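Peer 1: Put chain B on the given structure of chain A with help from the hints.
Heads up: the protein sequence lines correspond to chains A and B, in order.
Mapped onto this note's numbering, the consecutive letters of the first sequence carry residue numbers 1 to 787.
Mapped onto this note's numbering, the consecutive letters of the second sequence carry residue numbers 1 to 355.
Read the hints as simulated data drawn from the structure, not as lab findings.
Here the structure is a predicted model, which means the values were calculated and not measured.
Fair warning: there could be bad hints in the mix.
[Stated by the list, open to error] Covered, in the sense of this in silico footprint (three residues per stretch, anywhere, with C-beta under 8 angstroms from a C-beta of chain A), are these stretches of chain B: (1) 203 to 216; (2) 249 to 256.
[Stated by the list, open to error] Selected chain A positions facing chain B (in silico; Cβ < 7 angstroms): (3) K2; (4) S132; (5) N165; (6) Y468; (7) A473; (8) P475; (9) N507; (10) T511; (11) L530; (12) E578; (13) H594; (14) G598; (15) A768; (16) V770.
Heads up, the beta-carbon is just placed ideally off N, CA and C, and yes, glycines get one too.
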Amino acid sequence: MKFTLSWLNDHLETDASFAEIAATLTNIGLEVEEVVDPAEALAPFRVARVLTAEKHPQADKLQVLTVDAGDGAVQVVCGAPNARAGMLGVFGPPGAYIPGSDLTLKVAAIRGVESRGMMCSARELQLGEDHSGIVELPGDAPVGTAYTDYAGLGDPVFDVNVTPNRQDCMGVRGIARDLAAARLGTLNQQTFEPVQGRFDNPVPIRVEEDSGCAAFAGRLIRGVRNGPSPDWLQQRLKAVGLRPISALVDVTNFFSVDQARPLHVYDAAKLQGGIVARLGHGGERFLALNDKEYTTAADDCVIGDDSGAIGLGGVIGGEGTGVDEQTSDVLLECAWFLPERIAATGRRHQIVTDARARFERGVDPLALEAMVEAATRMILDLCGGEPSTVTLARSEEWPRAVRPRFVPFRRERVKSLAGIDVPPAEQEDILSRLGFRVQPDGVVPPGWRSDIDGEADLVEEVARIHGYDKVPATPLERAPGVARATATRAQLVERRLRRTAASRGLNEAVTWSFISEQEAAVFGGGEWQLANPISEDLKIMRPSLLPGLLAAARRNLDRGAASVRLFEVGRRYLGDAEHSTLSLILAGQSRARHWQTGKARPVDAFDAKAEAMALLEAAGAPVANLQVFPDAGPTWHPGRSARLGLGPKTIVASFGELHPGLRKRLNAPAGAVAAEIFLDAIPAPRSAERARQAFTPPFLQAVTRDFAFLVPEGLAADALARAMRGANKAAITSVRLFDRFDTADGLSLAFEVTLQPVEKSFTDEQIADVSHRIVAAAEKLGARLRG
Amino acid sequence: MAADQTTLDAIAGAGDLAALDAVRVRLLGKSGEVTAKLKSVGSMDADTRAAEAPKIHALREQVTAAIAERKAALEDDELERKLATERIDLSLPVPEARQGSVHPVSQVMDELAEIFADLGFSVAEGPEIESQWYNFTALNMPENHPARAMQDTFYLEPREGETEARVLRTHTSPVQIRTMERTPPPIRIIAPGRVYRSDSDATHTPMFHQIEGLVIDRNITLGHLKWTLETFLKAFFERDDVAMRMRPSYFPFTEPSAEVDVGYSIEKGRRVVGGQQGWMEVLGSGMVHPRVLANCGLDPDEWQGFAFGTGVDRLAMLKYGMDDLRAFFDGDIRWLKHYGFRALDVPTLSGGVGA
Numbered sequence: 001m002k003f004t005l006s007w008l009n010d011h012l013e014t015d016a017s018f019a020e021i022a023a024t025l026t027n028i029g030l031e032v033e034e035v036v037d038p039a040e041a042l043a044p045f046r047v048a049r050v051l052t053a054e055k056h057p058q059a060d061k062l063q064v065l066t067v068d069a070g071d072g073a074v075q076v077v078c079g080a081p082n083a084r085a086g087m088l089g090v091f092g093p094p095g096a097y098i099p100g101s102d103l104t105l106k107v108a109a110i111r112g113v114e115s116r117g118m119m120c121s122a123r124e125l126q127l128g129e130d131h132s133g134i135v136e137l138p139g140d141a142p143v144g145t146a147y148t149d150y151a152g153l154g155d156p157v158f159d160v161n162v163t164p165n166r167q168d169c170m171g172v173r174g175i176a177r178d179l180a181a182a183r184l185g186t187l188n189q190q191t192f193e194p195v196q197g198r199f200d201n202p203v204p205i206r207v208e209e210d211s212g213c214a215a216f217a218g219r220l221i222r223g224v225r226n227g228p229s230p231d232w233l234q235q236r237l238k239a240v241g242l243r244p245i246s247a248l249v250d251v252t253n254f255f256s257v258d259q260a261r262p263l264h265v266y267d268a269a270k271l272q273g274g275i276v277a278r279l280g281h282g283g284e285r286f287l288a289l290n291d292k293e294y295t296t297a298a299d300d301c302v303i304g305d306d307s308g309a310i311g312l313g314g315v316i317g318g319e320g321t322g323v324d325e326q327t328s329d330v331l332l333e334c335a336w337f338l339p340e341r342i343a344a345t346g347r348r349h350q351i352v353t354d355a356r357a358r359f360e361r362g363v364d365p366l367a368l369e370a371m372v373e374a375a376t377r378m379i380l381d382l383c384g385g386e387p388s389t390v391t392l393a394r395s396e397e398w399p400r401a402v403r404p405r406f407v408p409f410r411r412e413r414v415k416s417l418a419g420i421d422v423p424p425a426e427q428e429d430i431l432s433r434l435g436f437r438v439q440p441d442g443v444v445p446p447g448w449r450s451d452i453d454g455e456a457d458l459v460e461e462v463a464r465i466h467g468y469d470k471v472p473a474t475p476l477e478r479a480p481g482v483a484r485a486t487a488t489r490a491q492l493v494e495r496r497l498r499r500t501a502a503s504r505g506l507n508e509a510v511t512w513s514f515i516s517e518q519e520a521a522v523f524g525g526g527e528w529q530l531a532n533p534i535s536e537d538l539k540i541m542r543p544s545l546l547p548g549l550l551a552a553a554r555r556n557l558d559r560g561a562a563s564v565r566l567f568e569v570g571r572r573y574l575g576d577a578e579h580s581t582l583s584l585i586l587a588g589q590s591r592a593r594h595w596q597t598g599k600a601r602p603v604d605a606f607d608a609k610a611e612a613m614a615l616l617e618a619a620g621a622p623v624a625n626l627q628v629f630p631d632a633g634p635t636w637h638p639g640r641s642a643r644l645g646l647g648p649k650t651i652v653a654s655f656g657e658l659h660p661g662l663r664k665r666l667n668a669p670a671g672a673v674a675a676e677i678f679l680d681a682i683p684a685p686r687s688a689e690r691a692r693q694a695f696t697p698p699f700l701q702a703v704t705r706d707f708a709f710l711v712p713e714g715l716a717a718d719a720l721a722r723a724m725r726g727a728n729k730a731a732i733t734s735v736r737l738f739d740r741f742d743t744a745d746g747l748s749l750a751f752e753v754t755l756q757p758v759e760k761s762f763t764d765e766q767i768a769d770v771s772h773r774i775v776a777a778a779e780k781l782g783a784r785l786r787g
Numbered sequence: 001m002a003a004d005q006t007t008l009d010a011i012a013g014a015g016d017l018a019a020l021d022a023v024r025v026r027l028l029g030k031s032g033e034v035t036a037k038l039k040s041v042g043s044m045d046a047d048t049r050a051a052e053a054p055k056i057h058a059l060r061e062q063v064t065a066a067i068a069e070r071k072a073a074l075e076d077d078e079l080e081r082k083l084a085t086e087r088i089d090l091s092l093p094v095p096e097a098r099q100g101s102v103h104p105v106s107q108v109m110d111e112l113a114e115i116f117a118d119l120g121f122s123v124a125e126g127p128e129i130e131s132q133w134y135n136f137t138a139l140n141m142p143e144n145h146p147a148r149a150m151q152d153t154f155y156l157e158p159r160e161g162e163t164e165a166r167v168l169r170t171h172t173s174p175v176q177i178r179t180m181e182r183t184p185p186p187i188r189i190i191a192p193g194r195v196y197r198s199d200s201d202a203t204h205t206p207m208f209h210q211i212e213g214l215v216i217d218r219n220i221t222l223g224h225l226k227w228t229l230e231t232f233l234k235a236f237f238e239r240d241d242v243a244m245r246m247r248p249s250y251f252p253f254t255e256p257s258a259e260v261d262v263g264y265s266i267e268k269g270r271r272v273v274g275g276q277q278g279w280m281e282v283l284g285s286g287m288v289h290p291r292v293l294a295n296c297g298l299d300p301d302e303w304q305g306f307a308f309g310t311g312v313d314r315l316a317m318l319k320y321g322m323d324d325l326r327a328f329f330d331g332d333i334r335w336l337k338h339y340g341f342r343a344l345d346v347p348t349l350s351g352g353v354g355a
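The shape of chain A in the complex, shown without the other chains (with noise of 0.2 angstroms):
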């Protein structure tokens, strides 16, 4: 909402400087976004008369002239085709900002002659488009006067951020009252005197039923002539940055913007027959003013004539029965809409204009004849003509709209709700300067406050008035003690699933929870799809976090990083439920080429291996207990990816290679390995007990003893480990896999067993019956002892 400053004083007499309003507005809740002074950027500009102009020696085009700008006789070098001895002119001197030409003007030497300013267009102080020549004053401006002072410019225009609950702010008549109610000034009277109807209104105006307007008030004035309205009211309208268009029109934006109050005027003589709002008849078309053609839904209120629809009411009016300059009748609309409704047919429509914003806010209905009698009377003033009486039309909807409405307020609440202790006298004397009837237990809002619908509204009415600056910083009760640790294992688990990734060379990123339908359809396709994507990238929800950190790798990748290691901590949205997942990409170089290593090593699956297990493990996962499933699905490389679970059912975590086919289908980085952890899978610990089991360490020491089996195809190692292991559970404390290689009999694989004893050294027996119990296992899997 825009507004200069002396628009605001025609509401408000106050000796404020525009810098105290517009700390007042803010301290108020009326946000300044902007405060401009116009004054301020042409302070050093003054009126000055060209005293000579002679032909600039050196160039044909150049003058040198004498200026007098209040301080005597000044060189200044001028292009300008207008300037000429005896003209006043606006001149800049040494040290001006120059606006239009964004430069600042310095002493300089034009072609060998010194030129000390400059005389200015109008283009170059912004003050228009004109730049044929200099700004031309009549013959009485005062020379050496401020410019802006000469030409009325120093208005300060005020763009205040109106919160959607405050429509009567949209008008300068609120915000004069709320500076009013803040003591920043005196709200003036305001009365509309009735204007006597001359004859009585011939176009009939009916209102439906459940149309979405509940009131329009109709008058014609004939006679009038319609032309350019006047210079101050165009500087007005210019001012907030509305263009003017014709008196007529001018006239209902004037009164949008004083008086929060959209009005519409029709060309009578382009009406057939009278005016209806009603519903709109599925299908119909209308061209708008904004030379746009619409189609009425079928609830939409709909201003139409015998022709059709001609409006969407308080929305938008239509071109055909719009004023031009032939206009001569014109019938003046002041209407009532439902808020609601005019919120929905513009949303529909995505329609957003000055009157829409109003009434869909709610506009005050109580105001509706005043308003009537006031355009009435600026129309007469700036057009002529002649008046009719007024037709007021209603529907059922209309005394609900007018009928006092009594909020309930306790004077107390402001104390036990803001923290503030007002005065019930000051508490009361705030309210009614707002506009509001106070009575003993609450309160009637005035019309123009249709937000008020509770007591907590009242109590931010004197608590925003009163000051917010004004409320005591009370601290929260302390519980006694330290603070209590307040995390879920859930929340602790991704702490520490993060930090451990970093601690492991990993780099978080976060990507975007939305993917391409191509990304996810690779990944088994998305189940939630967005209706208004912004994009055809962004479109639906990640049923992986995979997608997103590919593309990340890539351009990693594509910029020239030699090795690319990205986790993400994050959702997959599946039908069921949002799953929380680490994600893990590893692309290019696993090891870096290095003269202890030799050649750089590109990431394999085994690296994907190692992170997925570093991270079960910090998230508390049985890892001795997982089992490796191979193939972890489509998107992954069948032979070299598998899943980690307890069982086939419970599945923690997947890694491996991606399949080689996601290169083409993505643009994948090759080779690129991978991990997810399904945190929410993850079981949680039997139990949470700080104190540890008991535990001595063992006094005897550990044996080890190491056996090579040659395996047939196809057998895991890990199977082959697990079945050593159980060859004796009590005794042997691990088997550890530390050679593989192929021989001429097949893959040899060696193992070192630890056996730990108890109580006792083993005896050679023993240990001689433990490895024969290990072989034996082995040899079930088709294993054989190397000799």
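Peer 2: Coordinates of chain B only, in the frame set by chain A:
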């Protein structure tokens, strides 16, 4: 009997361990000179033995000691020579440790959790795909409420059997509702997480992070809100000169409502929190609207409280000096390494919540 100079010279003159061993054999070997003298003791008469034996033993000890001393010296020399050949270039580089990092958003969320834990707040969570009830209606934003249009909402295609489209939550406020529904007051929670708005330009991304705070009790006022936010801002920005002001504002789910500005100053050309050269908006807040309480089954005459919300990414930018929000979601490892945090930069109250 003392060793003669020739013997001692022979020991001292042994040039290496082999020569020394030859001298040892010549003196102390089976048929060595000193051994012969020792053997001769047996054939001496008692008097001579009493006189000579100690001398002969002393000789042997002297010789043995001299040999041992020479041996140690020779060994030292040999080690010196060997070490002289064992030089390596320790300026050679070791394999580089990989520099992992925690994303600034995660770090800041951990910081917030730590600060608010000290004030008795726990961390609550909720779904990102929300019903319109939780995202809007329960928060006093009925259909056609202008505030619904204010937030650029992402809608999801309804799934089979669904009559109403779900939305991507536009704020973390639905977690307020979910918490109040299932937790009897008093309540103190924060709810950080991803939120979505269909907005994308230099300063907006369609996905970003918010944190919500909620306190419900019997006697909570706007004054508690003010104290909580002041306390939080000072702790988070780790400066005592953090200035804060509350401005009246409007949110459908709070009444009275306040926007919260924090004072900034310009240091080295950069806007930093602290001082009062200017104000910038950092938080939205207010007293939970009575209708919101009622929507959650709480009696507004018995329970009241405050709620606040702010952008986590924005807090990170203000504290750690990033200037481009879009970079947060690009996954550029150069950016992640520069602006990210080390694994052990865990925020703690004793060690400081910043890193």
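Peer 1: Now, for every hint given, state plainly whether the structure supports it.
Peer 2: Hint check results:
With 3 residues having a beta carbon nearer than 8 angstroms to a beta carbon of chain A, the segment 203 to 216 of chain B meets the requirement of three or more and the stated coverage holds. Given a C-beta distance limit of less than 8 angstroms, the hint that chain A covers the segment 249 to 256 of chain B holds, as 4 residues qualify and 3 suffice. The restraint placing A:K2 at the interface with chain B is violated, with a minimum CB-CB distance near 19 angstroms, outside the 7 angstroms limit. The interface hint given for A:S132 is violated, since its Cβ lies 38 angstroms from the closest Cβ of chain B, which is over the 7 angstroms cut-off.
The beta carbon of A:N165 is positioned within 7 angstroms of a beta carbon in chain B (closest approach about 5 angstroms), and the interface hint is therefore held. Checking A:Y468 against chain B: minimum C-beta separation of about 4 angstroms stays under 7 angstroms; hint holds. With a least beta-carbon distance of about 4 angstroms to chain B, the hint placing A:A473 at the interface is held under the 7 angstroms criterion. Because the beta carbon of A:P475 sits about 5 angstroms from the nearest beta carbon in chain B, less than 7 angstroms, this interface hint is met.
Nearest Cβ of chain B to the Cβ of A:N507: about 4 angstroms, under the 7 angstroms cut. The hint holds. Satisfaction of the interface hint for A:T511 is found here, the shortest Cβ-Cβ separation to chain B being roughly 6 angstroms, below the 7 angstroms cut-off. Evaluation of the A:L530 hint against chain B yields a held restraint, the C-beta minimum of about 5 angstroms falling below 7 angstroms. At its closest, the beta carbon of A:E578 sits 6 angstroms from a beta carbon of chain B; the interface hint therefore holds under the 7 angstroms criterion.
With 7 angstroms as the threshold, the beta carbon of A:H594 comes within range of chain B, its nearest partner Cβ sitting at about 6 angstroms, so the hint holds. Residue-level restraint check for A:G598 is violated (minimum Cβ-Cβ distance to chain B is 12 angstroms; threshold 7 angstroms). Because the beta carbon of A:A768 sits about 44 angstroms from the nearest beta carbon in chain B, more than 7 angstroms, this interface hint is broken. With a cut of 7 angstroms, the hint placing A:V770 at the interface with chain B is violated, because the nearest CB-to-CB distance is about 40 angstroms.
When each numbered hint is compared with the structure, violations occur for hints 3, 4, 14, 15, 16.
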